[in-house]
Structure formats: structure tokens, C-alpha cells
Amino acid sequence: MTVNTTQQKTACFHCGQPCLQDTTVQDGNSFCCAGCRSVYQLLSGARLSQYYQAEQAPGVRPAADRTGRHAYLDDAQVQDQLLDYAGEARARITLSIPQMHCASCVWLLENLYRLESGVLRSEVSLPDRRLVLTFDKQRISLRQIVELLTRLGYEPEIKLANLDRKPERRTNWRLYARTGVAGFSFANIMLFSFPEYLSSDGIQETGLSLTFRIASLILAIPVLLYSSADYFRSALTGLRQRTINLDVPIALGIGMLFLRSSFDIIAGIGPGYLDSFTGLVFFLLLGRLFQQKTFDRLSFDRDYRAYFPISCVKRAGDAESTVPITQLRPGDRILVRNQELVPADAVLINGQGSIDYSFVTGESHPKELISGDRVYAGGRQTGEAIDLEVIREVSDSYLISLWQDSRLAAHNRPSLTTLANSIGKHFIALVLATAAGAAVYWGFHDSTRLAHVVTSVLIVACPCALALASPFVLGTAARIWGDQRFFVRTPQVIENLSQIDTIVFDKTGTLTQADRQSVTYEGVPLTSYQKKCVAALARQSTHPSSRVLAQTLPASIESAVTDFAEIPGKGISGTVDSRQIRLGSRSWVQGEGSAVDDPVTPPVDSSVTFVSVDGRVLGYYRFENVYREGVHVTMAELGAEYRLALLSGDGSRERERMSAILGSNAELSFQQSPHDKLDYISRLHDRGRQVLMLGDGLNDAGALRAATVGVAVTEDSSSFAPACDGILEASSLGSLPRFLAMARRGRTVIIAAFGLSLIYNIVGLGFAVSGKLSPLVSAVLMPISSVSVVLFSTIATRLVARREGLC
Amino acid sequence: MSVVLLLLLASVLVAGGFLVAFLWAARSGQYDDMVTPSMRMLFDDDKPGGETNKKIQ
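Listed in order, the protein sequences are those of chains A and B.
Its first residue numbered 0, the first sequence is counted upward by one per residue in numbering that gives the first Met the number 0.
Its first residue numbered 0, the second sequence is counted upward by one per residue in numbering that gives the first Met the number 0.
Hints should not be assumed to be uniformly reliable.
Away from chain B, derived, C-beta distances all over 10 angstroms, residues of chain A [to be verified]:
1) S124
2) V145
3) R150
4) N171
5) A176
6) N187
7) L235
8) A266
9) G330
10) Y397
11) R538
Output of the computed footprint for chain B on chain A, the stretches with three or more beta carbons under 8 angstroms from beta carbons of chain B [as the list claims (entries may be wrong)]:
12) 103-110
13) 207-220
To list a few chain A residues with every Cβ distance to chain B over 10 angstroms, as calculated [as the list claims (entries may be wrong)]:
14) C14
15) Q49
16) D83
17) L125
18) I243
19) R287
20) K313
21) D482
22) E565
23) S731
24) R744
It should be emphasised that the hints constitute simulated quantities derived from the structure, not laboratory data.
Where is the CB? At the ideal position from N, CA and C, for every residue including glycine.
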């Protein structure tokens with residue numbers, strides 16, 4: 000294929016994409032399309048061209064806007080559900096804008112008031128991709144704001160899910176507060192205890208020493224009641240469910256520390272262990288903070304509502320109105336335009352349906368439908384606008400039934416006990432045995448020291464260093480993975496990943512690139528002139544195949560296409576430079592009565608478009624999925640360690656290719672419905688396998704939820720991903736073997752850190768059973784054990800990551 | 000003796016002040032977004048007509 004290399008490849012001044020056709024120049028800057036230029040005009044007109052200074056080509060190419068698409072925002076009920084606050088004059092709304100990505104975006108969105116005086120204040124949170132906007136309802140409507148943002152290329156994502164739950168995230172400030180209180184008390188109590196550390200026989204002035212002790216006790220009370228409350232609660236919950244988690248020995252230890260200390264202080268025996276107590280709680284909470292500070296900006300709980308639009312166009316007679324889709328009832332007539340989603344199960348009344356179900360079933364080729372056919376919610380129309388009659392309410396549709404599948408509820412995903420909890424169980428048995436042994440021994444020898452020894456044992460046995468190992472290993476790993484574009488819902492997922500033995504892949508969108516297809520031509524070779532004519536015709540259509548063709552073929556010739564016609568389900572035709580060109584199905588391009596010459600037969604079950612010039616069929620273009628780069632290597636690496644399987648919604652036309660990629664041992668299943676995929680995973684579990692499922696669309700959602708670990712593969716982490724345990728950006732798919740290797744090694748690191756902390760516990764126990772655990776020993780041992788375990792966990796994890804080439 | 004008590008009280012009061020400041024900061028969401036404010040401070044303030052993002056409430 001000859002490609003016209005004289006094309007200019009200037010980057011668009013606004014969006015940075017290469018300028019091909021339609022290049023327009025203004026003020027000496029090139030733009031790739033009219034949309035980008037109009038944004039530039041809008042901004043420079045409002046003296047906002049500073050936008051282009053913070054970053055190079057910061058813009059987003061605006062999508063073609065259809066007027067009236069946002070009409071539903073005028074509906075008072077919709078507004079009521081979307082607005083955070085609506086007063087007499089002012090209103091505030093939080094919008095999710097996935098397109099924002101750089102400092103320039105922040106600057107522009109925070110300077111919206113200079114474009115529209117009705118906008119009073121706008122504030123961006125870039126990690127959340129959120130814009131909080133306050134506006135004057137008298138001067139600007141919500142719809143106008145959304146339309147302005149759309150015009151600028153920052154179309155807010157307003158989906159069905161926004162109606163139910165307003166984005167609000169302020170969950171972990173409590174943990175900050177608990178940690179802050181513990182740190183405050185810890186530091187001050189250490190200060191108060193300083194005199195006790197320094198003088199061997201206590202402070203001479205008893206009044207002063209008592210004052211310090213009482214002050215320490217007062218400061219320790221909020222730590223017990225507020226900061227460490229979660230540990231007691233968790234231990235109680237565990238006991239009530241008749242399981243012993245790691246929080247049980249922790250709660251026992253810190254509870255004992257406090258009781259023993261208050262007893263010592265009140266009875267005037269000694270200064271107690273309040274510095275150890277508060278320090279311990281502080282370190283434990285730091286560990287929690289470290290673990291909890293993960294990727295809360297990513298939504299791991301999305302269901303169909305995050306994908307469905309809020310409204311659709313309803314037809315009543317000749318009148319069209321925009322209604323929220325929750326108000327659709329069976330019997331309603333709706334209009335679905337090109338690239339719009341079918342919101343509810345319906346019957347096609349009018350028009351040629353070409354429904355892309357890739358989101359529901361995984362099948363990547365559009366299904367051609369005629370009137371009377373059933374259309375399922377979640378399909379996307381490609382082609383002309385169609386009329387539908389709703390047969391079921393949105394919440395009853397086939398797609399949504401996936402979420403209410405009783406099998407999902409009945410079939411709980413296998414729960415893996417965490418390493419920490421399973422060790423905790425043995426640990427507490429050991430502690431209680433030691434305490435009992437010490438009690439018996441001292442009971443015979445010196446019963447006055449019995450209580451002292453038993454409480455000492457319980458204090459030093461507190462597995463705080465043990466409790467710090469997992470959070471710091473897994474938290475560090477989660478951070479490193481995040482830098483490599485693999486985001487896990489909780490660091491615990493990493494531990495679960497270390498135990499899987501089977502990996503199941505979805506094909507379309509996971510192993511193949513969702514938005515790219517390769518085109519090969521078979522038949523009578525086309526001249527470069529003919530190719531240009533075909534390209535000119537293909538550019539006229541919005542059909543996915545035409546768009547791919549237009550992109551791959553050389554630039555079209557100048558002459559205009561006349562007599563253009565698009566027959567949905569058949570193909571397109573037109574006259575270019577007095578030549579009749581047809582693209583489409585075989586029967587369509589052949590035309591009536593023309594002779595069948597030079598027959599070219601494409602392989603069965605493949606996706607092809609025939610081409611004819613002046614009634615003569617010349618050949619066909621074959622479209623194939625493009626596999627992601629390096630998939631072969633990745634699969635070979637994974638195949639050496641894990642069992643591999645493939646679940647594809649597509650037909651079996653690529654069985655041989657897939658078998659070559661995944662290896663001959665892999666199980667390949669084709670034409671799998673979402674329910675089939677779910678069943679397949681469940682069957683694997685019944686056979687005792689731990690499964691990692693990788694998928695991309697809603698069609699994999701059931702399987703992702705059923706698997707031990709479900710990971711969604713997306714092009715961009717801020718775009719849609721179904722409910723899952725982790726989000727892996729497609730560009731990092733090749734690193735999957737290294738992620739898994741690191742998860743396995745991370746487990747070893749945790750065990751090593753457990754060993755380290757056990758040494759401290761044993762040393763402490765040595766002091767305790769011999770009755771020599773003084774407050775000073777405890778005050779030295781406790782921070783050293785915590786800090787060294789934290790350092791060991793963090794450094795060892797980083798070393799493992801470096802060895803795997805992940806940081 | 001009473002001087003020590005006074006100092007004790009004063010030091011706890013000062014530290015308590017910092018604790019309250021920290022709690023307020025955590026409560027008001029200052030730890031929610033650590034990225035955007037660092038960008039915002041780099042923007043120039045050469046706004047035409049001297050307008051600023053109007054303060055609400």
C-alpha cells in the first residue's frame with residue numbers, strides 16, 4: 000500500500016493530535032479540526048489563552064455536539080437529583096469530568112467564570128477528575144453550563160449512577176484524627192516520662208512525679224476510648240463470629256497495658272507503661288493509614304448505572320421529549336440515534352438496527368436487525384436513528400439481571416484467610432499458654448508477683464509488630480503497582496493474587512485492542528487512484544468499518560462524492576470522479592444483474608467488506624482484531640506458571656490464533672454469554688482452583704465478581720470499568736507476569752517480617768516470665784520492634800519490586 | 000514546683016493547639032486532594048479587570 004507521505008504532520012495547537020485533513024490555520028497556529036479551532040477562538044476571545052501556556056497542546060478535541068442532547072437537564076426532577084445544593088439564587092453541582100488531565104485543564108476549569116458570568120465559583124480536584132461548580136440560577140442554567148463544558152471538550156459524565164448517589168468522599172478523615180490524637184498523647188506522655196527514664200530510683204519529689212503520672216493517665220484516656228476503639232470493636236466482632244483474628248491479641252495487649260498502667264499509677268507502685276501504650280496505638284494507626292491511603296479516586300464498584308445515560312428521547316405522536324430513563328414504561332416509544340445506547344429491552348419498530356452488543360456479550364461485530372426484532376438494553380446503535388418500543392422497564396432488563404443473579408448471591412466467592420489472621424490464631428494460643436505456664440510457676444514460687452508476671456506476658460505478647468508487617472508490605476506494593484498503572488481496590492488484593500493458580504482471559508478488549516482493527520485487502524489489486532476513490536467514499540459514512548477504512552487508506556482525492564447513499568445493513572455507494580463505487584456486503588456491491596466475475600471467497604465467519612467499481616467486484620477488505628503488543632510473550636511467561644483459559648463472546652473464527660498465543664494446554668471457549676462466563680468461573684472454584692479473571696466490559700462483570708481476584712483491563716483508568724478488585728491499564732498488561740511474581744515474593748517478605756517481630760516478642764517474653772519487665776524495658780523494646788519491622792517491610796518490598804523491574 | 004506545673008499546662012496547651020489545627024485540617028478535607036493545590040499556586044494572577052474567583056459563603 001502506498002501512503003501519501005507528503006501529508007503534513009503538524010500537531011494540533013489545541014489537542015496535540017496530528018493534523019491530517021481539514022487543517023485550519025488561525026493566528027499562525029494549526030488545528031486538526033473545526034472543533035479545536037472553535038475552542039481556541041472561544042478562549043482567545045475571552046482572553047483566556049493563558050490556557051496554552053502551562054502545558055503544550057493541553058486541549059481535548061471536542062466531540063461533535065448535537066443540540067438538544069442535554070435537554071433533560073432542564074427537567075426539575077433531574078436537577079433536583081443532580082444538584083448538591085439549590086438555594087433561591089445559587090446552586091452547586093459536582094461534575095465528573097474524565098477528560099481533565101493537566102495543569103491547563105485545572106486552570107481553564109477554574110476560570111470558567113471569565114467565560115460565563117453566571118458561574119460564580121469553580122473548583123477542580125484533579126485526582127478525582129471532579130469539578131465543583133457554584134452558579135447563579137438566574138443567569139445561567141445547568142444545561143447551559145453542561146453545554147459550555149461540552150463545547151470546550153470537557154463533557155461531564157452524567158450517568159444514571161449520579162442520580163442515586165452524589166459523589167462524596169470524606170471517609171478517612173476519622174483515621175487521620177485518630178492517628179493525630181494518638182500521636183499527640185504519645186509525644187506528650189514520652190515528655191512526661193522523661194524524668195522517670197533518667198533517674199534510676201524515681202523522682203525525689205513524690206508530688207511532682209505523681210502529677211506527671213496523673214497527667215499521662217489523663218492524656219491516655221482519649222487514646223483508649225477514641226483512637227484504639229476500632230481494634231476493640233474488630234476483636235469483639237471476630238469473637239462473636241467465633242473466629243480469632245489478629246485484632247484479638249492486639250486488643251488484649253493494649254487493654255492490658257492500659258489497665259496495668261492505671262493500676263500501677265493509682266496504687267502508687269510505678270509509672271506504668273502509658274508511653275508504650277500510646278506509642279503502640281500510634282504506630283498501629285500509622286500502619287492502617289498507610290494501608291488505607293490507596294486509590295480511592297478510582298471507582299471499583301461501578302455497575303451498569305455508571306454506563307447508562309440518564310435520559311433518552313421519548314416519542315409521543317409527532318412530539319419528541321427528553322425523559323429520564325427511569326421513567327420509561329413498557330409501551331413507550333423511544334428514539335435511539337447513532338452511537339446511542341439502548342436504555343431498556345425493546346422491540347424495533349422502525350429503521351434499520353445495527354446493534355453493537357460488544358459491551359453486553361463481547362461479540363465485536365454489530366448485529367443487523369429489522370423491525371419486529373428484539374433489542375436488548377446495553378446495545379449501541381451504529382447507523383441511522385431507530386424507533387423502539389419499550390417492553391420492559393430499565394431495572395428489569397436482561398443486562399441488569401446479571402447483577403441480580405441469584406447464583407451470584409448464593410455462590411460466595413471463595414474467601415481467603417489473610418496470612419496475618421491465620422498466624423494470629425496460633426499466636427493467641429501460644430500467648431495464653433505462656434501466660435498460664437508463667438502463672439502456674441509463679442503461683443508456686445512467689446504468688447505476690449503472679450499478677451505482675453501474667454500481665455507482663457500479655458503486654459509484651461501484643462503482636463503489634465506483626466500487625467504492622469502486612470500493611471506496610473502490601474501498602475508499599477500497592478503504591479509501586481499504582482505507579483505502574485495497576486490499581487488495586489485494597490492492598491489485600493495483592494495477597495490474594497499470590498495464591499491464584501489459574502488465569503482466565505476475556506478476548507475482545509482485553510487481549511485485543513478495543514478501538515483498533517487491522518485491514519487486509521484480497522482480490523484484484525487496486526490502483527492507488529482507486530484506493531483514493533474508495534477512501535473518499537468511506538469518509539462519508541460513520542459506520543465503524545467505514546471509519547477504519549478511511550483511516551487506513553491514503554488520503555482521499557479532492558473531487559467530491561456525489562449520489563452518496565447508505566443502506567444500513569448493506570453498504571454505501573456513491574459516485575467519485577464519475578466512477579460508481581460500492582462498499583458493503585457481497586450482494587450489495589454486485590448490484591442487480593451484473594455478472595459475477597473474478598469470484599473471491601473470504602474465509603467463513605470473518606468480517607469483510609466487498610468493494611466494487613462500476614459494477615465490477617474487485618475484492619474485499621478483511622477486518623481483524625489487533626492483538627495488544629507483546630501479548631505472545633506475556634502469555635508464554637504466564638503459561639509457564641499458571642493454567643490459562645480464554646472466554647470469548649466472539650465466534651470461534653480465531654480459535655487457531657488464540658491457541659497459538661495461549662498455548663496448546665489452554666482451554667478456549669467461544670460464544671460465551673455473560674452467564675456462561677460466570678458459570679465457568681464457578682465450576683473452576685468448585686474444583687478447588689483459585690482464579691484470576693481479566694476482562695474489560697460489563698459482559699465480564701459477573702465473572703469478575705465470581706473470581707478470586709477480578710481485574711478489569713482498561714485503556715485509561717479514569718474511564719469505565721465494571722465492578723472489580725483491580726484496574727489494570729492496557730499498556731501495563733505486559734507487566735502482568737512481574738506483578739504476579741511480586742505478589743508471590745511479597746508473601747515471603749510478610750513471613751520474614753513476621754519472623755522478625757516474633758524475635759522481639761520472644762525477647763520481651765523472656766523479660767516478662769522472669770518478672771523483670773520494667774517500664775523502661777518496655778519503652779525501649781516497643782518502638783524499636785515497631786520501627787524495625789516497618790523499615791524492613793518497606794525496604795524489602797522495594798527491593799523485590801526492583802528485582803522484578805517494577806520500580 | 001508550681002512553675003513546673005505551669006510549664007506542664009502551657010506545653011500541653013500549645014501541643015493541643017496544634018492537635019486542634021490538625022483535626023480541623025483533616026476534617027475540612029485538606030488531605031483529600033494533595034495534587035491540585037500544588038498546581039493552582041503556579042498560575043499567574045494577571046487577571047483582566049482584576050477579577051478573582053469569587054468567594055462564596
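Hint-by-hint comparison with the structure:
1. S124: Its Cβ does come within 10 angstroms of chain B, the nearest being 5 angstroms, so this is violated.
2. V145: The claim stands: A/V145 keeps its Cβ more than 10 angstroms from every Cβ of chain B (closest is about 20 angstroms).
3. R150: Answer for A/R150: holds, closest chain B Cβ roughly 21 angstroms.
4. N171: violated (8 angstroms)
5. A176: Its Cβ does come within 10 angstroms of chain B, the nearest being 5 angstroms, so this is violated.
6. N187: violated (6 angstroms)
7. L235: At roughly 27 angstroms from the nearest Cβ of chain B, A/L235 sits farther out than 10 angstroms, so the non-interface label holds.
8. A266: holds (23 angstroms)
9. G330: Consistent with the label, A/G330 stays out of reach of chain B, its closest Cβ about 46 angstroms off (over 10 angstroms).
10. Y397: holds (39 angstroms)
11. R538: holds (40 angstroms)
12. 103-110: Coverage by chain B holds for the segment 103-110 of chain A (4 residues, Cβ < 8 angstroms).
13. 207-220: Three-residue rule met by the segment 207-220 of chain A, so holds; n is 5.
14. C14: holds (20 angstroms)
15. Q49: violated (7 angstroms)
16. D83: The claim stands: A/D83 keeps its Cβ more than 10 angstroms from every Cβ of chain B (closest is about 13 angstroms).
17. L125: Not fine: 5 angstroms to the nearest Cβ puts A/L125 too close to chain B.
18. I243: Answer for A/I243: holds, closest chain B Cβ roughly 33 angstroms.
19. R287: holds (14 angstroms)
20. K313: Consistent with the label, A/K313 stays out of reach of chain B, its closest Cβ about 37 angstroms off (over 10 angstroms).
21. D482: holds (14 angstroms)
22. E565: Its Cβ never comes within 10 angstroms of chain B, the nearest being 46 angstroms, so this holds.
23. S731: holds (21 angstroms)
24. R744: At about 30 angstroms from chain B, A/R744 clears the 10 angstroms cut-off, so the statement holds.
Against the hints set out earlier in the document, violations occur for numbers 1, 4, 5, 6, 15, 17.
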